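Protein chains: 2
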Amino acid sequence: MRAHDDHGPDRLSPRNGAAVIEETIPDIVIRRLPVYVRTLRELQSRGATSISSDELADQIGVTAAQIRRDLSYFGRFGKQGKGYDAERLAEEIAHILRLDRQWDVALAGFGNLGQAIVHYQGFVPASFRIAAIFDRNEDAIGREVDGVVVKSPDEMTDEIARLGIKMGIIAVPAHAAQEITDAMIAGGVDAILNYAPVVLRTPARVTVREVDPVSAMQSMTYYLDN
Amino acid sequence: MRAHDDHGPDRLSPRNGAAVIEETIPDIVIRRLPVYVRTLRELQSRGATSISSDELADQIGVTAAQIRRDLSYFGRFGKQGKGYDAERLAEEIAHILRLDRQWDVALAGFGNLGQAIVHYQGFVPASFRIAAIFDRNEDAIGREVDGVVVKSPDEMTDEIARLGIKMGIIAVPAHAAQEITDAMIAGGVDAILNYAPVVLRTPARVTVREVDPVSAMQSMTYYLDN
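Chains Z and H are the protein sequences, given in the same order.
Sequence positions in the first sequence follow the numbering used here and run 1 to 226.
Sequence positions in the second sequence follow the numbering used here and run 1001 to 1226.
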C-alpha cells in the first residue's frame, strides 16, 4: 500500500499522535489539508456528519485513493468504507495546521492587488488577520483600513517585530520583492506568501509559497487544442 | 535513475521530439516549465548563453537533480555538467507550452481582484491578453479598460464564442463561480484559472488551475514555531 511507502504509518497512537504526525506528514500532503478542512466544513454546514472518502473525493475533485492515503494519517477518525466523522476530522486537521487560533499577517504592497487582499472577506474565517500594511506610495501611507494604518516599508522590520507577526504577504513589484522580503524576515516573519514573479532567497527556516497565476496559465496552454 | 521510472525516456529523437514530449511529460513537470522559461530569459537578459543545471537550480531555488530530471526531456539541448543553451532551451520550452503566440483571455469579475488582474503588466510578455471582461455590477458594465468594454455575464457565452477565447479567469465570489464557469465553458473555454475558493466541476477536456492563497497560508502555519 503506497501510504506506507510514501508517508510512513497510516495510524497514530492516540498518546503521541501530534508528534508522530509532525514527523511523518510530507509537505505535499500538508498542502492539501486546508482543502480537506474547508470541504469538510462545507459538508457539515449542509448537515453531513459522517463522510466517506468517496464523497469527499467527489466534492474536492480528486481520487478517493488519494483522500484515503492522505487521511490515513488520521486513521483513528475513520476506516476505509466506514466514513469519517466530519466534525472531528475537520477539527483535528485544523489543529494539526494550527488553525485553531488567529494569525496576524503583514501585507507589503497596497496597489490593486494589495487592496484586493485587504478587502478579501475570506481571511478571518480562515484564521488570518491583516494586522500591518506597508507601501512606498506617499498617497497610501497614513491611510487607515479596518483600523490598520498603512506605513512606509522603512518601518516594516520594527513594526513586524513589535507586533510579533510571523507571516507576511508580498504584493509588491518584482524588482522590490527581495528587499521587502529581507525586511520582513529581519522583523521575525517565518512564512511568506509571495505574489511577485520572482524566486525569493530566504533562510531555511522560512516557508515560502508562491502565488504564480502567470505560470499557472502558461502551464495550461500546453493542453489547449490537444 | 528516477527520470526513467517517473518520466519515461530522458532523450528525444530529433525527428518526432514534439510528439514524444507531449506523450511523456507529466503534468507536474509541465507546471514547472514556465518557471524555467522565465528564469532562462532572465539569465539571458543578463548576458548568459550557456547555463548549467546547478546555475539554473540556484536561480530557481530547487535542486539541480530536479532540474536535470525535468530538462532531461530536452536532453538534446545539453548534457549534465556541460550546460544548456539558454536561448534554445527557453525557445523550445516556450514552443512546447505554446507560448510562441498570444492567447486571448476572458476575465470574469471586475472587483478589486479583477482590476488588479487587468492592470497587471506581466500578462502580455507572458503571451496573454485580457480580451473580454465581465461583471454583474451595473457600475462596472460599459466601462472601457485598454480598449475592452466590461460586459454583463449574460453576454459571456456568446462573446467568448464570438472571439474564439479558449482561456478564462474566474475572479468572482465563490457563490457565483460555478455558474460563471459553466457559461465560460459553454462559450468554448478549455482552460480556467480559478481564484474562487471552490472546486469547480468541469468536463474532463477542461484544464483548471487553482489560485488559492488562503490554503497556501493555511499550509504554512503548520511550520510556524516548529
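FYI, nobody ran anything at the bench for these hints, they're computed from the structure.
These figures come from a predicted structure and were not determined experimentally.
Yeah, the Cβ is synthetic: ideal placement off N, Cα and C, and Gly gets one too.
Misleading hints may appear alongside valid ones.
To be verified - Listed next, the stretches of chain H that the computed footprint assigns to chain Z, with coverage defined by at least 3 CB atoms under 8 Å from CB atoms of chain Z:
(1) 1033–1042
(2) 1099–1112
(3) 1122–1136
(4) 1141–1148
(5) 1153–1165
(6) 1217–1225
Cross-check of the supplied hints:
For the region 1033–1042 of chain H, the assignment as covered by chain Z holds, since 6 residues bring a beta-carbon within under 8 Å of that chain's beta-carbons and 3 suffice. For the region 1099–1112 of chain H, the proposed coverage by chain Z is satisfied: 5 residues have a C-beta within less than 8 Å of a C-beta in that chain, meeting the threshold of three. Evaluation of the coverage hint for the region 1122–1136 of chain H: fulfilled, as 5 residues show C-beta separations to chain Z shorter than 8 Å, against a requirement of three. Judged by the Cβ-Cβ criterion of 8 Å, the region 1141–1148 of chain H is not covered by chain Z as claimed, because only 0 of its residues qualify and three are needed.
Under the rule that three or more residues need a Cβ within less than 8 Å of chain Z, the assignment of the region 1153–1165 of chain H is violated, with 0 such residues. For the region 1217–1225 of chain H, the assignment as covered by chain Z holds, since 9 residues bring a beta-carbon within under 8 Å of that chain's beta-carbons and 3 suffice.
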